[in-house]
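Asker: The lines below spell out each chain.
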Amino acid sequence: MKKSVFIFLLLCMPLLAAAQDVLSQRYAFLELAGSGGLGSLNYERPFFQKNNSIFTWRAGLSIAPIDKNNGFGVVFPLMANVMIGKNAHKLEAGLGQGITFTTKGSFFVRAPAALGYRYQPADKRVFYRVTYTPLISYLIDFQVEQWFGASIGFTFNKKTK
Amino acid sequence: MKKAVIAAFGVLLFCGCSKEKYFDGPEFYTDGFENYNVLDSLLLPDDLYWSYTQLTIPGNTITVDTARKHSGNKALKFDGAGTTGETLSKCSITKQHMAFWEGETVRLSAWYYVEGIAPLEWLFLMDLEEQAAIGAGPGMRLALVNNKLRVEFKFNQPDILQNTGTELELPRNQWVQLEWEVKLSQKKKGTVKLWQNGQLIIDSKDKITLPKDFIYSQQGTKGMYSSCEFGMTANGTPDPVKIWVDDVRIERVD
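Quick note, the sequences are listed as chains D and W, same order. Take the first sequence: its letters are residues 1 to 161, numbered as in the numbering used here. Take the second sequence: its letters are residues 1 to 254, numbered as in the numbering used here.
Just so you know, the hints here were simulated from the structure itself, not pulled from any lab data. A hint or two may mislead.
[To be verified] Computed list of lysine-lysine pairs in BS3-like fashion (alpha-carbon distance at most 27 Å, straight line):
1) W:K188 / W:K154
2) W:K19 / D:K104
3) W:K187 / W:K212
4) W:K187 / D:K104
[Stated by the list, open to error] Some chain D residues flagged as far from chain W (calculated, every beta-carbon gap over 10 Å):
5) L38
6) F55
7) P65
8) L78
9) I84
10) A88
11) K90
12) G98
13) A113
14) D123
Just so you know, even glycine gets a beta-carbon here, dropped at the ideal spot from N, CA and C.
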């Protein structure tokens with residue numbers, strides 16, 4: 001009996017997730033290459049929804065190797081994104097700041113941008129992203145570096161009261 | 001809040017537009033080391049002559065030498081150990097805060113005397129670099145590999161070698177003039193030329209000769225070179241090396 005209930009609940013979880021408010025969802029994803037550089041772990045949270053558009057902010061963590069004398073950089077990609085689409089297939093765009101601190105005390109900022117495709121079914125927790133993620137330098141010299149990323153993520157749902 | 005955002009944007013715009021002014025520096029420097037008696041007299045404030053030395057291993061020394069010189073009465077002697085442990089052996093002197101921008105052509109020339117006949121693998125003699133906010137001084141350098149000079153990049157570009165079959169070895173135990181001319185480009189519009197005792201040994205076109213920002217490992221490049229380094233800029237061999245340098249000239253030539 002317990003086993004049956006457990007299986008029933010497992011099967012119902014996606015439906016429960018879909019029923020919950022999008023703004024209560026939380027996302028975590030691993031991005032290979034992309035806005036964090038070589039790769040990053042990210043936390044994402046929706047903060048506004050209008051029609052088929054969901055606005056989110058995202059904070060990540062990454063490492064950037066430099067060399068033996070200059071140590072390595074710790075990178076924090078912080079971005080604001082919008083997902084557009086009423087079903088699982090979404091267009092995603094974003095812009096933010098990639099803040100780097102090195103182990104030798106240096107600091108710099110680039111601006112990661114993102115434009116891509118996100119497959120995120122409402123009835124599943126796992127989602128995927130494939131994104132064009134140019135890295136833009138703007139502080140001293142304006143440069144645009146072509147870059148891409150691919151992500152796999154997981155949806156967490158905040159418990160409703 | 002709105003004013004703060006506009007002000008911040010204005011500062012960023014100003015910084016972006018005036019980088020040539022902000023990072024301006026001399027385009028010419030020459031030194032025969034005739035006016036110095038000790039190393040410290042080369043390293044005066046405000047980069048009047050030279051800016052700094054790199055002596056990464058105890059025992060590496062730079063001295064003003066009167067025993068061996070190309071012209072006049074003095075030359076700089078670089079006496080550096082080989083690299084055997086974790087620390088790369090360097091014994092060099094640098095002139096920084098110069099300014100050579102994209103589209104310009106910079107020429108570095110100096111007379112070198114490399115003592116000994118033992119084969120030298122990855123001995124670096126002359127560097128042209130940028131001081132980036134984050135990165136390992138990206139740039140280009142002259143490397144001696146199997147006793148032949150090549151141009152090596154400190155960013156993601158393949159080495160430029162002498163033409164196969166006509167390579168010239170670097171003469172040892174004698175003075176050799178090295179003249180290195182680079183047209184600077186972040187795109188494939190740069191050129192690299194290297195003369196050894198007046199003979200053109202490298203003539204390469206359509207090269208990327210300036211570094212760009214690279215992911216988050218190299219940030220704050222400006223489309224320029226600002227730093228010129230001479231001597232034993234790095235010794236990848238396990239053997240000690242003695243080098244004399246004289247009649248250094250750094251200039252924009254276009």
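Asker: Give a verdict on every hint.
Answerer: Evaluation of the provided hints:
1. For the hint linking K188 of chain W to K154 of chain W, the alpha-carbon distance of about 16 Å falls within 27 Å, and the restraint holds.
2. Restraint check for K19 of chain W and K104 of chain D: the C-alpha separation of about 25 Å stays at or below 27 Å, so the hint holds.
3. Under the criterion of a C-alpha separation no larger than 27 Å, the hint pairing K187 of chain W with K212 of chain W is consistent with the structure, at around 9 Å.
4. Of the supplied pair hints, the one linking K187 of chain W and K104 of chain D is violated, its CA atoms being roughly 30 Å apart against a limit of 27 Å.
5. Not every Cβ of chain W is farther than 10 Å from the Cβ of L38 of chain D; the closest lies at roughly 7 Å, contradicting the non-interface assignment.
6. Every CB of chain W is more than 10 Å from the CB of F55 of chain D (nearest about 19 Å), matching its label as outside the interface.
7. Remark: the non-interface label on P65 of chain D conflicts with the geometry, its nearest Cβ contact in chain W lying 6 Å away (cut-off 10 Å).
8. Its beta-carbon lying about 13 Å from the closest one in chain W, L78 of chain D satisfies the requirement of being farther than 10 Å from that chain.
9. Against chain W, the non-interface label of I84 of chain D holds: every CB pair exceeds 10 Å, the least being about 26 Å.
10. Its beta-carbon lying about 31 Å from the closest one in chain W, A88 of chain D satisfies the requirement of being farther than 10 Å from that chain.
11. Remark: the non-interface label on K90 of chain D is consistent with the geometry, its nearest Cβ contact in chain W lying 26 Å away (cut-off 10 Å).
12. Under the 10 Å C-beta cut-off, the non-interface status given to G98 of chain D relative to chain W is violated; the minimum distance is some 6 Å.
13. Taking the minimum C-beta to C-beta distance to chain W, about 14 Å, the non-interface status of A113 of chain D holds against the 10 Å cut.
14. Residue-level check passed: D123 of chain D sits 36 Å from the nearest beta carbon of chain W, beyond 10 Å.
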